[in-house]
Amino acid sequence: FVLCCFFVFFSYLPPPPNYSPPKLPPQIQHGVKADQSYQRQQTSQQSVPPQKPYVYEPKEPKHPAPQDCAVDRSARVQCGAPDISATACEAINCCFDGQQCYFGKAVTVQCTKDAHFIVVVAKEATLPNLDLEAVSLLGEGQGCSHVDSNSQFAIYHFPVTACGSLVMEEPGAIIYENRMTSAYEVGVGPRGAITRDSSYELLFRCRYTATSVETLIVDVLPLTNPPLPVAAVGPIRVEMRLANGQCTTKGCNEVTAAYSSFYTEADYPVSKVLRDPVYVDVQLLGKTDQLLVLTLDRCWVTANPYPHSLPQWNILTDGCPCRDDRYLSSLVPVDQSSGLEFPSHHRRFIFKMFTFVNPSSNEPMNERVYIHCSTAVCYNAPGARCEPMCLRRTVSQEKSESKVVVSSGPLAMASPEQ
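Sequential numbering from 1 applies to the sequence shown in full-length UniProt numbering.
Straight-line alpha carbon distances no greater than 30 angstroms define the calculated DSBU-like cross-link-like pairs of lysine-lysine that follow: (1) 113 to 287; (2) 113 to 123; (3) 352 to 250.
I should point out that these hints are in silico values taken from the structure, not numbers from a laboratory.
Since this is a predicted model, take the numbers as computed values, not measurements.
Build the full structure now, drawing on both the sequences and the hints.
In structure tokens:
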């Protein structure tokens, strides 16, 4: 049995206070020939540094205006599952005509649970209309152009780590940022330059926390129908398992053998004799980014399934064995030799089985205990400290982190005869 807690946040970022639209290319070039010519101009992206996250106030999600939903049936792009309800369709900022959920005349950005950007660009998102073939992302390469299109829409679908995305970290969150721009034609003459195309630029982010994934539209340059905020259930799922492998050959490593197999839900409650080793594995699920590192903050035991109930007993604090325990728990290194596809997505530790005692009578209170761990995800960028430092920790690492609490099924105290 695994207990995980998740929350959904709907968030929208307005343009930063110091926002100003980009300047058009130089209007006058002296010494050019009298005949006019046109050249394709791409908005400069190299000079634009990643925006620093700032405090924002959550707002209620907006729904597409009726005129935004007036899309020709032949050009409609399906939004959501085929059997999606009207309420669910509106919740992801799409249009519903009673039978079909589809994208409206806007730019819709979605962050998926498997760490992908989905950007659907409508030609009529601006006036004059966008040239769908002139839209580009921060980076180039395979998968960075639209994966599908028709006369009215272009669809982009790419990993949050691809196409030049920038990665930032703030307490309790990892942010992936990209920028979409449109190239525009500039008419160059002897006394100036003009354009009749829309100049379009959009900065968008996926913000992954321990409890949610948020789509953040940070700033939009002049746009008739600005993109709408979208939020989805958080992608960070954590599972706790108890290992039950046994040594079957002479001289085998007991710890390595223990983590070769695990109890299933049908095996709970698991019976343990006092002082028996309990082998714990905490795993990050559904992620394939090798730079993500699962971290444990505090692990503790309670006498019932509720993580915040009393009494409690700490096993790990700040990711390290709690030194207040006479029977010191131990951390199990997880590296490439473990045979796991993503070793950094696992944390393992061992503690000795115990039961709680009534402080008044000194009698055992309960024959079952439950394990809980507060977890977070660290991005292993240069200079990052994702591993616990059991002899010293910096203050900045100890505070302001969002956590997911994961729990085990019950452990039942067994008599030595069992």
